[in-house]
Amino acid sequence: MALSRFEINRRTVLLTSAAIAANVINPMRAFAQETPRKGGVFNVHYGAEQRQLNPSLQASTGVYIIGGKIQEPLVDLDAAGNPVGVLAESWDSTPDGKTITFRLRKGVTWHDGKPFTSEDVAFTAMNMWKKILNYGSTLQLFLTAVDTPDPQTAIFRYERPMPLNLLLRALPDLGYISPKHIYETGDIRQNPVNLAPIGTGPFKFNKYERGQYIIADRNDNYWRPNAPYLDRIVWRVITDRAAAAAQLEAGSLHLSPFSGLTISDMARLGKDKRFVVSTKGNEGNARTNTLEFNFRRKELSDIRVRKAIAHAINVPFFIENFLGDFAKLGTGPIPSTSTDFYPGPNTPQYPYDKKKAIALLDEAGLKPAAGGNRLTLRLLPAPWGEDISLWATFIQQSLGEVGIQVEVVRNDGGGFLKQVYDEHAFDLATGWHQYRNDPAVSTTVWYRSGQPKGAPWTNQWGWKDEAIDKIIDDAATEVDPVKRKALYADFVTRANGELPLWMPIEQLFVTVISAKARNASNNPRWASSTWHDLWLAE
Amino acid sequence: MRILNLAGRRLAASIPTLLLILIGIFLLLQFAPGDTVDAMMAQMGGGDAATARELRQFYGLDLSIPMQLGNYLWRLVRFDLGFSSIYGKPVATVILERLPPTLLLMTASLSFAFFAGLVLGVIAARGVNKWPDTLISTLGLIFYATPSFWFGLMAIVVFSVYLQWLPAGGFEDIGAASTGLARTLDIASHLVLPTLTLGLIFLAIYLRIMRASMLEVLNLDFVRTARAKGLDETRIVVRHVLRNALLPMVTLIGLQAGTMLGGSVVVESVFSLPGLGRLAYESVVQRDLNTLLGIVFVSALLVIAVNFLVDLLYARLDPRITAGT
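Chains as they are written, first to last, in full-length UniProt numbering: chain A, 1 to 538; chain B, 1 to 325.
Worth flagging that the hints you see were computed from the coordinates, not collected in a lab.
Ideal placement from N, C-alpha and C gives every residue a C-beta, glycine not left out.
Some clues are possibly wrong.
Claimed, not checked - DSSO-like cross-link-like pairs, simulated, lysine-lysine; straight-line CA separation at most 27 Å:
| no. | chain 1 | residue 1 | chain 2 | residue 2 |
| --- | --- | --- | --- | --- |
| 1 | A | K271 | A | K180 |
| 2 | A | K470 | A | K485 |
| 3 | A | K298 | A | K273 |
| 4 | B | K89 | A | K180 |
| 5 | A | K204 | B | K229 |
| 6 | A | K271 | A | K485 |
| 7 | A | K131 | B | K89 |
| 8 | B | K130 | A | K207 |
| 9 | A | K130 | A | K98 |
| 10 | A | K98 | A | K114 |
| 11 | A | K180 | A | K130 |
| 12 | A | K355 | A | K298 |
To be verified - Chain A is faced by these chain B residues, among others (derived, beta-carbon under 10 Å):
| no. | residue |
| --- | --- |
| 13 | E97 |
| 14 | E268 |
| 15 | Y314 |
| 16 | D318 |
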């Protein structure tokens with residue numbers, strides 16, 4: 001029963017996304033003969049300003065959407081989701097996985113005219129990725145040195161085996177290069193260039209007016225011939241989601257990426273022929289909605305209670321009525337968009353079953369008190385998205401029906417992280433887990449025990465399982481891709497079985513883009529990518 | 001000379017107030033869970049504990065709260081507002097950049113609300129209980145009851161999306177890079193909708209007050225005397241009634257300068273204006289204490305300045321006020 005429901009859901013979602021994809025392809029077919037047009041200004045919705053714009057220092061979509069046009073990574077993903085060289089042309093690894101060599105592109109220059117060389121790669125890797133970059137410092141923990149025998153070769157040396165596939169899947173996000181000659185003196189974090197980035201990318205930074213806009217202009221010396229097409233990109237700072245939707249309609253914006261509008265506005269604009277609304281181009285930015293359990297709470301450390309909670313929530317109903325086409329049933333920590341690691345849906349699942357939930361609670365000894373109440377829990381929702389807030393309310397109401405009273409405590413970003421990940425002042429928490437192409441980059445830290453207190457988005461539940469720690473450690477250094485995949489299948493099975501946290505909804509970000517944009521959404525992390533081939537039809 | 005004296009005393013009296021406000025806000029913000037480094041981590045989407053510790057040290061957040069407060073006040077004494085952790089610039093620079101849009105918006109909205117409220121209030125009072133009064137009072141009630149973000153969004157939908165008359169947001173046209181008169185007109189056209197949005201609620205208040213005080217003054221003895229002298233009605237209203245009815249209106253300006261700063265958060269967000277209101281909101285969310293305190297400081301100065309001007313206006317409108325002191 002559970003399986004067939006999942007299948008139906010999966011199929012409808014696939015059909016809808018196929019329909020959306022057809023929508024994208026159709027206008028392109030109609031203009032099949034048209035040649036790319038040079039010129040034009042592309043206006044982008046920018047919802048939340050960042051403290052800095054250099055993607056070698058901060059891995060987040062808010063930085064990539066600007067910095068990713070100005071700076072470039074060693075490797076990016078192609079349309080099929082496979083690694084493709086950007087600043088690196090080719091790579092290989094020794095059989096022991098401890099030495100990985102990148103051969104770099106020739107004739108690339110920084111926006112200030114200096115040549116790009118392996119020195120830049122070595123400097124960025126050792127001083128930024130390893131020391132400052134979030135996620136990067138974990139990924140490159142065992143990186144000991146980067147040798148630069150000549151300007152076109154960078155040899156990464158690792159203390160423990162680094163699977164080449166893992167590195168290549170991490171580098172599109174965690175492999176941006178910064179210019180050594182700009183950063184080698186002074187404090188990297190305080191360098192003013194962080195807010196006026198210098199890179200090798202198709203667009204050159206021009207101006208940043210805080211609270212208003214950021215402008216980048218075409219780079220005439222870009223290494224890809226005939227690129228870019230656009231003259232200019234303008235990111236307009238618009239914090240109000242409804243106002244951003246109005247600006248799209250008024251024609252002053254071409255793009256709102258990363259689900260920047262309200263769910264209802266996205267659905268509405270999807271029916272407007274002037275826009276293409278779809279999840280296409282975000283396959284590399286899959287995220288799951290979580291429900292995190294605090295094991296310090298005695299009742300929650302009982303697996304029967306966790307299972308009962310999962311069984312008590314009707315996830316398909318929630319998705320259908322609140323999230324619509326933009327989400328589907330999730331099956332665990334590795335989302336189905338991850339073709340390399342998704343183990344399939346045959347891992348332990350918790351379909352909606354109220355009777356079973358009640359039986360499990362009874363079995364765990366949580367008998368209803370006089371008012372029918374068995375247990376009172378504090379739920380902290382993260383403030384990042386409309387869906388999280390709706391999901392928190394839905395959990396509250398669903399659990400109320402099985403006698404668990406839930407108090408929802410809302411915080412802003414800083415407050416949420418502090419209370420959940422530092423003070424552990426929660427019983428339940430809910431937010432997003434963002435999957436970054438390889439479980440070792442983004443996911444296993446949510447399950448590996450021994451995470452330092454105060455590190456956000458890590459195992460702060462007080463859960464420890466030696467078997468899963470071992471799988472995680474083995475998989476992180478397993479050089480054989482087939483064996484790695486098998487290890488991660490074990491990982492998902494065990495994680496779903498023990499349920500230290502639950503990831504029942506899978507989503508992709510939604511892009512709202514003007515129908516005039518061509519070559520849009522053509523790779524799995526399009527909004528973060530360089531946009532060197534993006535052009536605007538008349 | 002007397003005015004200068006008054007000014008000096010008023011300003012001296014406001015210093016302790018300012019100090020209390022700053023200390024209050026500082027302590028209040030300590031109750032909010034999380035600090036700027038937590039907010040930074042939220043923005044980054046993760047990071048390790050060592051980095052967080054290093055950043056806390058960098059921003060001086062590892063010190064005790066009394067130490068931090070002491071440091072802040074000591075800097076303030078030397079007219080140093082500190083360094084903003086979100087902007088990486090001195091707070092004073094950040095605020096100076098954000099001040100013009102807010103000042104423009106506030107002045108425009110206040111003037112619009114004041115003068116339109118005055119005219120409508122006079123018309124309503126003159127035609128009390130007849131159709132102009134009913135119409136104006138109903139409109140006033142609607143303006144007062146409608147939330148300003150809704151007004152703003154509807155204004156954008158009607159005037160920008162459908163009619164395409166006015167820009168949907170922003171402070172000025174980015175592409176144009178115009179100067180002089182062209183730029184002034186450009187900024188003015190961007191400010192029309194925000195000014196109306198922010199002004200309408202205040203307009204509703206002003207027109208009610210104006211109507212009420214007009215009605216009150218119209219019934220006073222000296223008006224009856226003026227009428228008995230055979231003065232024509234327009235002259236009575238302008239020369240005798242208006243001047244006296246204006247006093248409560250002017251009082252309201254002083255009171256509402258502060259409210260307006262608060263209201264501008266919503267309007268600035270809806271119209272993507274780079275003003276102080278949004279900056280304040282942003283600094284609360286990002287726990288940028290220095291910037292927030294700087295804004296409080298500057299806003300308090302603004303409110304003090306407006307109230308000071310109101311006092312001067314009082315003296316001008318009603319000579320008895322200065323005579324009394």
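(message) Check whether the Cα positions of K271(A) and K180(A) lie no farther apart than 27 Å.
(response) Violated, at about 48 Å.
(message) Under 10 Å is the threshold here; is the Cβ of D318(B) close enough to any Cβ of chain A for the hint to stand?
(response) Because about 42 Å separates D318(B) from the closest Cβ in chain A, which is outside the 10 Å limit, the hint is violated.
(request) For the pair we were handed, K130(A) and K98(A), check the Cα-Cα distance against 27 Å. (result) 16 Å, holds
(message) Next item in the hint list is E268(B). Is there a CB on chain A closer than 10 Å to its CB?
(response) 9 Å, holds
(request) Could you grab the alpha-carbon distance between K470(A) and K485(A) and see if it respects the 27 Å cut-off? (result) Holds. K470(A) to K485(A) sits at ~15 Å (cutoff 27 Å).
(message) Between the alpha carbons of K131(A) and K89(B), is the straight-line distance 27 Å or under?
(response) Distance of about 24 Å is within 27 Å: holds.
(message) Quick check on the hint: E97(B) CB to chain A CB, less than 10 Å?
(response) Check passed: Cβ of E97(B) comes within 7 Å of chain A, closer than 10 Å.
(request) Given the hint that K355(A) pairs with K298(A), test it: the Cα-Cα distance must not exceed 27 Å. (result) The given pair, whose Cα atoms are some 23 Å apart, holds under the 27 Å limit.
(message) K204(A) and K229(B) were given as a pair; does the straight-line alpha-carbon distance stay at or below 27 Å?
(response) Violated. K204(A) to K229(B) sits at ~77 Å, over the 27 Å cutoff.
(message) Against the 27 Å threshold, does the CA-CA distance of K298(A) and K273(A) hold or violate the hint?
(response) Given that 27 Å is the threshold and the Cα spacing comes to 54 Å, the pair is violated.
(request) Answer holds if the nearest beta-carbon of chain A is closer than 10 Å to that of Y314(B); otherwise answer violated. (result) Given a least distance of 36 Å, the restraint on Y314(B) is violated.
(request) Measure nothing beyond the straight line between the CA atoms of K180(A) and K130(A); if it is 27 Å or shorter, mark the hint as holding. (result) 15 Å, holds
When the structure is compared with the earlier hints, violations turn up for hints 1, 3, 5, 6, 8, 10, 15, 16 and for no others.
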